[in-house]
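Q: In case you want the letters, here they are:
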Amino acid sequence: MKQLLMALLLLVDLNMFATSRVDSLIRSAALQGAIVVCLVALSSVGGLSSVELAFLLVTGLVKAVCLPMVMFKALRSVGIRRELEPMIGYRKSLFVGLFAVGLSLWISVKLPMPPGVDDPMGLSVALLSMMAGMFLVVSRKKAISQAVGYLVMENGIYFMGPAVAVHHPLVVEAGVLLDLFVGVFVMGVIILHIRREFNHIDVDRLSELKD
Amino acid sequence: MDRLFALVAVAVALVAAPFLKTVINRTKAAVAGRQGPPLLLPYRSLVRLMSKGAVYGSQTTWIFRAGPVVSLVSTMGALCLVPFAGRPALVHFEGDILLMAYLMGVGRFFTVFAAMDTGSSFEGMGADREAFFSALTEPSLLLGVAGLGAITGSLSLSGIYGKLGGSAFLGSNLPALIFILAAFVIVYLVENSRIPVDDPTTHLELTMIHEVMVLDHCGIDLAFIEYGGALKLWTMGLLVSGLVFPGGTGSLWLDVLLSLCCLMGFQVVVGLVESSSARLKMGRVPLLLAVAFVMSTLWIMWVVR
Numbered sequence: 001m002k003q004l005l006m007a008l009l010l011l012v013d014l015n016m017f018a019t020s021r022v023d024s025l026i027r028s029a030a031l032q033g034a035i036v037v038c039l040v041a042l043s044s045v046g047g048l049s050s051v052e053l054a055f056l057l058v059t060g061l062v063k064a065v066c067l068p069m070v071m072f073k074a075l076r077s078v079g080i081r082r083e084l085e086p087m088i089g090y091r092k093s094l095f096v097g098l099f100a101v102g103l104s105l106w107i108s109v110k111l112p113m114p115p116g117v118d119d120p121m122g123l124s125v126a127l128l129s130m131m132a133g134m135f136l137v138v139s140r141k142k143a144i145s146q147a148v149g150y151l152v153m154e155n156g157i158y159f160m161g162p163a164v165a166v167h168h169p170l171v172v173e174a175g176v177l178l179d180l181f182v183g184v185f186v187m188g189v190i191i192l193h194i195r196r197e198f199n200h201i202d203v204d205r206l207s208e209l210k211d
Numbered sequence: 212m213d214r215l216f217a218l219v220a221v222a223v224a225l226v227a228a229p230f231l232k233t234v235i236n237r238t239k240a241a242v243a244g245r246q247g248p249p250l251l252l253p254y255r256s257l258v259r260l261m262s263k264g265a266v267y268g269s270q271t272t273w274i275f276r277a278g279p280v281v282s283l284v285s286t287m288g289a290l291c292l293v294p295f296a297g298r299p300a301l302v303h304f305e306g307d308i309l310l311m312a313y314l315m316g317v318g319r320f321f322t323v324f325a326a327m328d329t330g331s332s333f334e335g336m337g338a339d340r341e342a343f344f345s346a347l348t349e350p351s352l353l354l355g356v357a358g359l360g361a362i363t364g365s366l367s368l369s370g371i372y373g374k375l376g377g378s379a380f381l382g383s384n385l386p387a388l389i390f391i392l393a394a395f396v397i398v399y400l401v402e403n404s405r406i407p408v409d410d411p412t413t414h415l416e417l418t419m420i421h422e423v424m425v426l427d428h429c430g431i432d433l434a435f436i437e438y439g440g441a442l443k444l445w446t447m448g449l450l451v452s453g454l455v456f457p458g459g460t461g462s463l464w465l466d467v468l469l470s471l472c473c474l475m476g477f478q479v480v481v482g483l484v485e486s487s488s489a490r491l492k493m494g495r496v497p498l499l500l501a502v503a504f505v506m507s508t509l510w511i512m513w514v515v516r
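Protein chains in written order, with the working numbering: chain A, 1 to 211; chain B, 212 to 516.
Worth double-checking, as some hints may not be accurate.
[Claimed, not checked] Across the chosen pairs, the derived CB separations fall in these ranges: (1) B:Gly316 x A:Cys66: 47 to 57 Å; (2) B:Thr418 x A:Lys92: 19 to 29 Å; (3) B:Leu392 x A:Met113: 26 to 36 Å; (4) B:Val280 x A:Ile107: 28 to 38 Å; (5) A:Arg91 x B:Val515: 35 to 45 Å.
Don't read these hints as lab results, they were simulated from the structure. All residues carry an ideal CB built from backbone N, CA and C; glycine is no exception.
Just chain A, with the same shape it has in the complex:
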């Protein structure tokens, strides 16, 4: 079951590398959030306490429902459907994604593992999610895609904990999640305001701003 979810997560990550539609990007991020939360639930050693379970549920709700909804709302109000001219084309992005899979596998095999972690696949999928997020932030021009990139990166970090740590890492994750929630929320508001002022949300055109 865990392996299957990891394979799905891999596919979702790759989809994010290659998709040209912003709504499918957000949907992938939501799916990724759901998968990551399920994986964290599955990988906890020795069952979940009721507090942890509640915490996971809230995390899942935020990652898979709230944040995507905020983003869809932003998407609707700025009225874009696809990223028309990314800095790196979609076919190239796909192969960058493939390269990232290879790199993350290589790293996860090379890294010394704490005892009790025998499957390097979890670490490599987490690394891949972080790379996917980073790639989205660097290579896409629309601010929404970049915000999705941050969310994806956070999902990777979130899954990284349970993939390598053996003890309860959930408390640490809470802080990360809160940061990102605030970050994305602020970003959504900012995107709306930028759009209202300048009628577009291309970040590279923002650098031409003068006072």
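Guided by the hints, dock chain B onto chain A, whose structure is given.
A: Coordinates of chain B only, in the frame set by chain A:
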């Protein structure tokens, strides 16, 4: 005993292959709410074409005449190498994967060559597209089969598909089945010129790929090409459906029955894909093939990690 079984399997394939087209067409008709063509239409059209002579243009050479024959014979050769129901194929040896891939390649090469031999610019265009797309599928197919070879420790199709029924495919390799299935289905759709890539029923030359190459063939030559296409459908279909049900239930009859069901079920899936998707723009097809390649690479990364 195995040899006898393989012989019967090949004979069944030779007889039943055109029926796969009926399954696909009936599925498409059912989805569209139409009645669909008669069950034996592919056979009837084969008989009708067989009873006609062939006409050859004065510009063509022996290559044009050899094209359909070579492509049919090479597909038959490939059919003899592919195992059925997890039992060994008629011919098998270590490395017959490559022979299968390149027998298909020889068939395609001669079809392309024959199309070029006519000197028609339309056929040249089709030949160009077919050669381009099928060259891009080859890495996906070979990488996928190589990954199968890695987990079963065999480089022969019979060895691979025979051992898949055991425990080799279970456990941590099971999720990766999604990857290789996706890759093989895309390869299947491209190699057999099915819808997201090529529309076998289109009559608009500018968008045709495979059909435009065989425009100048008629009568018995066209029958050979159609029949070869049906055999290819069967051969490649066994490669895909063998992954879903590799056999190994212990009973020969059950294996055969389930394998046949799996093969037919896969054609139904193809029919559903065809009726639910439009064909891609020509420029988008390489992206689809890139996806197939990425899937195969993921699969091989997953199994050898």
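Q: Now look at each hint and say whether the structure bears it out.
A: Cross-check of the supplied hints:
no. : hint                            : result
1   : B:Gly316 x A:Cys66: 47 to 57 Å  : 53 Å, holds
2   : B:Thr418 x A:Lys92: 19 to 29 Å  : 26 Å, holds
3   : B:Leu392 x A:Met113: 26 to 36 Å : 31 Å, holds
4   : B:Val280 x A:Ile107: 28 to 38 Å : 53 Å, violated
5   : A:Arg91 x B:Val515: 35 to 45 Å  : 26 Å, violated
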